[in-house]
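Enquirer: Sequences listed follow chains A and B, in order.
For the first sequence, counting from 1, position 272 maps to 272 in my numbering; every step adds exactly one.
Numbers given in my numbering equal positions in the second sequence, counted from 1, plus 1000.
Since the hints were made in silico from the structure, they are not lab data.
A portion of the hints provided could be inaccurate.
[As the list claims (entries may be wrong)] Derived coverage of chain A by chain B (criterion: at least 3 residues anywhere in the stretch with Cβ under 8 Å from a Cβ of chain B; other residues may be distant):
#: 1; region: 102-114
#: 2; region: 207-219
#: 3; region: 303-315
Every residue, glycine too, gets a C-beta built ideally from N, C-alpha and C.
Number of protein chains: 2
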Amino acid sequence: MTRCLITQLEVQSFIERCMTAVGTKPHHARSLAEVLVEGDNRGHYSHGLNRMDMYVKDIKSGICAKDGEPVVVKESVATALVDGKNLLGPVVGNYCMNLAIQKAKEAGIGWVVARGSNHYGIAGYYAMQALKENMIGMSFTNTSPLVVPTRGKECTLGTNPIAVAAPANDGDSFVLDMATSAVALGKVELHERRGDTIPEGWGCDAQGKITSNPKEVLSGGGLVPIGGSEATGGYKGYGLGMMVETFCGILAGAQYSKHIRTWKVTDKVANLGQCFVAINPDNFAPGFCDRMSDLMAIQREMEPADAHTPVLAAGDPERMNMKKCQELGGIPYHVNVVNYMNECAKSVGASPLLPCDKLLPN
Amino acid sequence: MTRCLITQLEVQSFIERCMTAVGTKPHHARSLAEVLVEGDNRGHYSHGLNRMDMYVKDIKSGICAKDGEPVVVKESVATALVDGKNLLGPVVGNYCMNLAIQKAKEAGIGWVVARGSNHYGIAGYYAMQALKENMIGMSFTNTSPLVVPTRGKECTLGTNPIAVAAPANDGDSFVLDMATSAVALGKVELHERRGDTIPEGWGCDAQGKITSNPKEVLSGGGLVPIGGSEATGGYKGYGLGMMVETFCGILAGAQYSKHIRTWKVTDKVANLGQCFVAINPDNFAPGFCDRMSDLMAIQREMEPADAHTPVLAAGDPERMNMKKCQELGGIPYHVNVVNYMNECAKSVGASPLLPCDKLLPN
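Isolated chain A, as found in the complex (with noise of 0.2 Å):
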């Protein structure tokens, strides 16, 4: 595998090139591109550079709008239903964390609910927004249907993220930020690639049985809950996936479950649901970040069951990641993913490329 570094800054800005080249506002570019850019630089390269492409394409092709910003259709003093405007999911989810701190600096708490929205990239970015304010953020959406709930054999649900982040103290945080399926389709996606099994509780096959074989779950099966089985409590990551769909689709009328559009098919506007929380512990017990600090100290600090695998707290492998790009002076990408992101430049029109000069030894 041959990868080559390219620094955040010249991502960032070849990211805005491609987007403003098929039409999008500067500002609306800059949105994704800070969302995708972080999203590589926590290591989770899934939900980065490696998916501009579909932006492109949805702007190119119209499905996602280039023109107006957010509204809020009601509002309270600590709450607000925001119609997207089927925009970029990063502009919706921007304008409505950002809604939802403001809120929460008034009334403790600011609880925003998005229909007419986009893919928005990780969603523990915008959870991460509140920790500028040293609040709690918190932030959900639902997506295409790939899971199948326990006892099924249909994908009803999308892979339902729940994000939290929490600070403590000296920039420290908890930063949670899952898939309420077991894993994300791309692991599995990785083994079937690599010839390699999947554990069990990863996914099911088209009859809803629990699989080691990759294909399986490609091929008419799906993804499955946090928990696996019904025996080792696959129940409740369906049940939380049920919720995260409750705070998004059904609480902002925006399409849900299987009324989603099939994942990687963009024939209608998706019309995602998603959801944004700011909690302010300055409405609660005072000392809120020395506790935080030593909730995760009391769990990093164990000893281990492996001398050679720490006990991490949520966020941690991300900070490593992050610490990486730090002393690498920028982003490690697959040859590949460039080339490939050269070519969709090139076809729209956008220079200059991105450079793949500095190749990293395997």
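Fit chain B to the supplied structure of chain A, relying on the hints for placement.
Expert: Showing chain B alone in chain A's frame:
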């Protein structure tokens, strides 16, 4: 297993008698009895009459307070911090949930956090109070450490439940009430008593290794988070347990994590942290209940993997249990439990005792 049938009313008044016999205020005793009877009625015997002796003991010993009422320490239009004054959990829970609902009527959402609380029975009970007002309800509590974080070997988190209730049409509802551990401790104890093994992914031994031997889980090991091992996504359940702790002990300034007293050891005040949320769908898109009904119908009406086990929505197993109780005309209890609780009643001078004349066929 010999079981006898007792009406909800008889159990309710029996628990009230036992609690007032040790000095509990009548309306506090009523609150407790209601939650416990609801636990049994819903089939969660581990959180019902079966635990009455624990509450009797807590009041009798004085480790849990008899006098006073919960008080609001800090408040905004949408939030409150409540001091539970070390009263019985259900007294604190009802107070906070009512407050959250009131705030949601005014501000669209109420987010209320309590410190100084005690065990409050099934978390779902409080979330479900919101259904009466056609609102979404949530409830979370921290609990004594029983769960080992992913990669660790020490119990530093409770089973920290998440409860979410959402109204649908015609009295139907979605009621998720789940521990963030793969299973409850009681399930492991039951398997141990029967001499059965447990599925991989329920618990670990004292070295933090996943085990199928329930004895190892109960002697120095612990429960593992939903998802089981790291490979099958246990770190997600671990993250959810931390999220619940953040909403409870950390926001409330109550005890948290391994600082909470050991399960069943009542040498010191519990000072649990709890969180109660009400969300008013009227503040968001019209038609919430229609969509909620459709979302559940999509799941329930799908062809199941096994024709004999239909796909359920969260809350359906409990609904089926309540229906069974209704048909029977009461709740079936194991005779040993009834005898044990009657001994408890005698020891505190409460009478009459529970009747055990309506025996059920095995």
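Enquirer: Work down the list of hints and note, for each, if the structure agrees.
Expert: Status of each hint after checking the structure:
1. Coverage of a stretch by a chain is defined here by at least three residues with a beta carbon nearer than 8 Å to that chain's beta carbons; for the region 102-114 of chain A and chain B the count is 5, and the condition holds.
2. Against chain B, the region 207-219 of chain A contributes 3 residues with a C-beta closer than 8 Å to a partner C-beta. That satisfies the three-residue criterion, and the hint holds.
3. Counting residues of the region 303-315 of chain A whose CB falls under 8 Å from any CB of chain B gives 10; the rule of at least 3 is met.
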